[in-house]
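Visitor: Chain by chain, the residues run as shown.
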Amino acid sequence: MERVQCLELIYPEIEDKLVVTIMGACAQELYDLGHRENFFYLQHAMGLASSIGLGLASHLPHEKVIVLDGDGSALMNLGTFTTLARYRPRNLLHIIFDNGSLLSTGGFESHTTSGVTDLAAIARGAGIEHAAAVDSPLAFGEAFVEAMERDDLGVIVARVDAVGPDNYGMDFALPENAFRFKRCVQERRAATGWEPPPQPGHAGSA
Amino acid sequence: MTVSYENSKAVFDGIKAAGIRSISALPETWLGLLLQRAEDDPEVDLIQVAKEEEAVGIAAGAYFAGEPHILLMQNHGFFAAMNGIISLAQLYSVPLCMLIAVRGHWGEPYPWHTRGGIVTEGLLQALNIPYHHARDPALVAREIAEAYTLSQSSLSPVALLLTRDLMEV
Numbered sequence: 001m002e003r004v005q006c007l008e009l010i011y012p013e014i015e016d017k018l019v020v021t022i023m024g025a026c027a028q029e030l031y032d033l034g035h036r037e038n039f040f041y042l043q044h045a046m047g048l049a050s051s052i053g054l055g056l057a058s059h060l061p062h063e064k065v066i067v068l069d070g071d072g073s074a075l076m077n078l079g080t081f082t083t084l085a086r087y088r089p090r091n092l093l094h095i096i097f098d099n100g101s102l103l104s105t106g107g108f109e110s111h112t113t114s115g116v117t118d119l120a121a122i123a124r125g126a127g128i129e130h131a132a133a134v135d136s137p138l139a140f141g142e143a144f145v146e147a148m149e150r151d152d153l154g155v156i157v158a159r160v161d162a163v164g165p166d167n168y169g170m171d172f173a174l175p176e177n178a179f180r181f182k183r184c185v186q187e188r189r190a191a192t193g194w195e196p197p198p199q200p201g202h203a204g205s206a
Numbered sequence: 207m208t209v210s211y212e213n214s215k216a217v218f219d220g221i222k223a224a225g226i227r228s229i230s231a232l233p234e235t236w237l238g239l240l241l242q243r244a245e246d247d248p249e250v251d252l253i254q255v256a257k258e259e260e261a262v263g264i265a266a267g268a269y270f271a272g273e274p275h276i277l278l279m280q281n282h283g284f285f286a287a288m289n290g291i292i293s294l295a296q297l298y299s300v301p302l303c304m305l306i307a308v309r310g311h312w313g314e315p316y317p318w319h320t321r322g323g324i325v326t327e328g329l330l331q332a333l334n335i336p337y338h339h340a341r342d343p344a345l346v347a348r349e350i351a352e353a354y355t356l357s358q359s360s361l362s363p364v365a366l367l368l369t370r371d372l373m374e375v
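Protein chains in written order, with the numbering used here: chain D, 1 to 206; chain R, 207 to 375.
Same shape as in the complex, but just chain R (with noise of 0.2 Å):
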């Protein structure tokens, strides 16, 4: 199984399509094709973090200076960023659209990812963060536009999962 450049390609499209031109991430295998686009792309402004929790900053940040924000990462930096989405985005009414990237479910072939990709449902729920799984290249851009939406009018986090369907080839 490889990335789908194809697909890497809608979602990128689709996140500048939304008007979406400030990235913050931490790169990972699903994600590498699509980080390289925005690095290459002038009009992206795309900061790679340490740790994903520093995201959740960093979106702040770009939500309080009006920029339209979104944050890449994989579910398991989602559980490093947690309190950060409670403490800082949950608590102050601070929107967050984030792009996650499930490793470790239907058909995943890696054990070490299989434990975080068994709990994501279920903390996202915990959070009561409304959730979408994104699975056809056709529909990511409207998906994405409809996750910063929501992310916006509600104050709050939103995520759009990218599942093996959509990343993997």
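The shape of chain D in the complex, shown without the other chains (with noise of 0.2 Å):
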């Protein structure tokens, strides 16, 4: 199974939900299926894709985020599995292609890759009730709709092949994705009856 093939399954899914995603291929595919102002791609700071999820969805409560992650960028931040089983936000949903590589840097094989390390179980091990593991696009795709039926954290482990896009660009600069994903969040909540918090130490001038 190759992930964009899973990404193509969800996308008419995730086009108009907020998605964090990590960098490389994986980022590049999902913006390469369409870029929505609700996606926001993590260049780099590998492994606090999930940390941000956090971030999002316990402060927008009426948002289902999902959080595009890979096997390498996860095996950085294992804490993150014990902090979200912790909070438990209902309203995300934590994706991992497990390719078994760390595939920008040049193919290396990652932890996972062995087959001894199986970051499904640490998921659960961490505390978090729903994880699932898939090696098929229909069991990627019965998961992915279970998950988001469910109104509950999940973990979804989706084991895939180490390829990638030939081409990789974007047409924004990193700081101005990040603006325009802030705006996109804000006018979302304000359509929701949100107001925006006063600012602390605005004096009201310049």
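Any given hint could turn out to be false.
[As the list claims (entries may be wrong)] Short derived list, chain D residues pointing at chain R, Cβ under 10 Å: (1) Phe40; (2) Ala49; (3) Ser50; (4) Ile52; (5) Ala57; (6) Ser58; (7) Glu63; (8) Leu75; (9) Met76; (10) Leu78; (11) Leu102; (12) Ser104; (13) Thr105; (14) Cys184.
[What the hints assert, rightly or not] Only some residues are given here: those of chain D computed to face chain R with a beta carbon under 8 Å: (15) Gly100; (16) Ala120; (17) Phe172.
In case anyone wonders, no lab produced these hints; they're calculated from the structure. Heads up, the beta-carbon is just placed ideally off N, CA and C, and yes, glycines get one too.
Assemble the dimeric complex from its two separately framed chains, guided by the hints.
Guide: Take a look at the structure:
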């Protein structure tokens, strides 16, 4: 199974959700399917996509937040499973594409390649009740549908091939993505009747 | 030496007076009484992390969500968060308001804190992170509000350093 197949499968469902994706191939494949203002591409800081997702989900209970992670990134922040389990944001779905490889940096095998490290078992051991491991498009699709219907924190570990796109590039600078993503999030929040909190220390003049 | 109950309260009250209701933190001795207050206060949302770098991601999520947020950590936690600070906050112009307990500096009796205490300011300078030492409980509320304001206006990490003078009695 290829990661891009999984992304194609869920794209119609996630294109209107708040999506945080990791760097490299995963970011590019999502972008190539069609950028949306509600997509944030974390092109560095490996491991923190799930933490950004937690920050979004815990402050925006009316949104469904989708995190697209990878084995290499997840292995850099295993503590995130314990933090997610403890605070259990019910509107967060954490998808980990496990290609057993540090593909974006030369394709070195990650710790999951040998088969001895099981990320879904780690997630369960951390206390996340709903953690599925899948290795076919059908199983992935089923796990995704179940997770979206369930009002609870979910992890899906999808075993995928270590392949990515041929070309890389996006038509905006990284801070621009952050500015536009924030604007989009706030407009959606405003549409639900939310008022921005007063800015502390604001004197009302320049 | 013990942690100051009164001054921990002054810092916590300062956070609330600045309009901040969302906190991410990794507990440490000087922050203990402060975090206990945060945990007990129904108005305050506290997310305790397993490692401080997670808090940078959580802070970014809170910022995108439009929720005023503050990070509480020890200086050694600041070291552990460094790549997130550089490659998320600074790279993407995401503000961070960090309250950092500076262990291992003037008067430090514990050897294990000292190496970190010695390098903290140099690392803040290397990262171009503006910082200020909070020493006086009468001023700390204003200093917290100012740190938060600068982080938001500069879209950058800002550090308010909680000193021994403030946190111990």
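Visitor: Each hint should be assessed against the structure and marked as holding or not.
Guide: Okay, the hints, checked on the actual structure:
| no. | hint | in the structure |
| --- | --- | --- |
| 1 | Phe40 | 7 Å, holds |
| 2 | Ala49 | 7 Å, holds |
| 3 | Ser50 | 7 Å, holds |
| 4 | Ile52 | 4 Å, holds |
| 5 | Ala57 | 8 Å, holds |
| 6 | Ser58 | 7 Å, holds |
| 7 | Glu63 | 9 Å, holds |
| 8 | Leu75 | 13 Å, violated |
| 9 | Met76 | 9 Å, holds |
| 10 | Leu78 | 8 Å, holds |
| 11 | Leu102 | 16 Å, violated |
| 12 | Ser104 | 14 Å, violated |
| 13 | Thr105 | 14 Å, violated |
| 14 | Cys184 | 9 Å, holds |
| 15 | Gly100 | 23 Å, violated |
| 16 | Ala120 | 19 Å, violated |
| 17 | Phe172 | 12 Å, violated |
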